[in-house]
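Use the sequences and the hints to build the structure in full.
Mind the numbering: the sequence shown is residues 1 to 188 in our numbering, read in order.
It is worth saying that the hints were derived from the structure and are not from the lab. Hints may be right or wrong, so weigh each one.
Pairwise CB distance ranges (calculated) [what the hints assert, rightly or not]:
1. A160 - R88: 30 to 36 Å
2. F156 - E135: 48 to 54 Å
3. F74 - T151: 23 to 29 Å
4. S57 - E25: 31 to 37 Å
5. A160 - E25: 48 to 54 Å
Quick caveat, the model's predicted, so the values are computed rather than measured. Beta carbons: idealized from backbone N, C-alpha and C, even for Gly.
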Amino acid sequence: QTLLGYGDRVDRFAVGARNARATREALSRINDAAYGFRAHRSVDVAVETSRTFAVVSRFHRAIGMITIVASAIFLLCIMLLKVDERRRDVAALRLIGCSSRTIVGSVVLEAAVVAVLGSVAGVAVGGAASWIVNEHYQAVYRTPLRFSIVTGDIVFLAVALSLVLGIVAGWLAARRLVRTPPLALFGR
Numbered sequence: 001q002t003l004l005g006y007g008d009r010v011d012r013f014a015v016g017a018r019n020a021r022a023t024r025e026a027l028s029r030i031n032d033a034a035y036g037f038r039a040h041r042s043v044d045v046a047v048e049t050s051r052t053f054a055v056v057s058r059f060h061r062a063i064g065m066i067t068i069v070a071s072a073i074f075l076l077c078i079m080l081l082k083v084d085e086r087r088r089d090v091a092a093l094r095l096i097g098c099s100s101r102t103i104v105g106s107v108v109l110e111a112a113v114v115a116v117l118g119s120v121a122g123v124a125v126g127g128a129a130s131w132i133v134n135e136h137y138q139a140v141y142r143t144p145l146r147f148s149i150v151t152g153d154i155v156f157l158a159v160a161l162s163l164v165l166g167i168v169a170g171w172l173a174a175r176r177l178v179r180t181p182p183l184a185l186f187g188r
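In structure tokens form, the structure reads like this:
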């Protein structure tokens, strides 16, 4: 008030009530007291002020989904290239009698192991990045507010997506490779 030169002026104040009836009565009395007063329940204020955060949250969710789709396509391309590099090994295995199912299974198992290791690394990097962001911005703004949060739900979603996408990419790459005749894999 001193800095702004407003004197005795209040924009908002909170009044505690014992129950819903007392809340309704307080709302009515305050709203009827004078022109310009407008009382709201704290729940209504919270809903109204959090709409911006809901929009930002939906925006972040959309960016996340686009990132996941792009990552899945990139992962599939990398898996196709990596499995294609092993086409001579797969051709040799097929020529000595290994079944397509065994080869696909081994590639999918390898993709699952890579997905698990990638998930562990991703959770560690995400946790460290979140900690760094919080430490930096809490110091800058001198607040205990957490700017980045890694929750169990986020970790579960990330690990589940990693496993599913990794296994599907491995399966697609392996199926593509075993459908090619062994001699064609040797380049003959």
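Hint check results:
no.	hint	verdict
1	A160 - R88: 30 to 36 Å	holds, 34 Å
2	F156 - E135: 48 to 54 Å	violated, 25 Å
3	F74 - T151: 23 to 29 Å	holds, 26 Å
4	S57 - E25: 31 to 37 Å	holds, 35 Å
5	A160 - E25: 48 to 54 Å	holds, 50 Å
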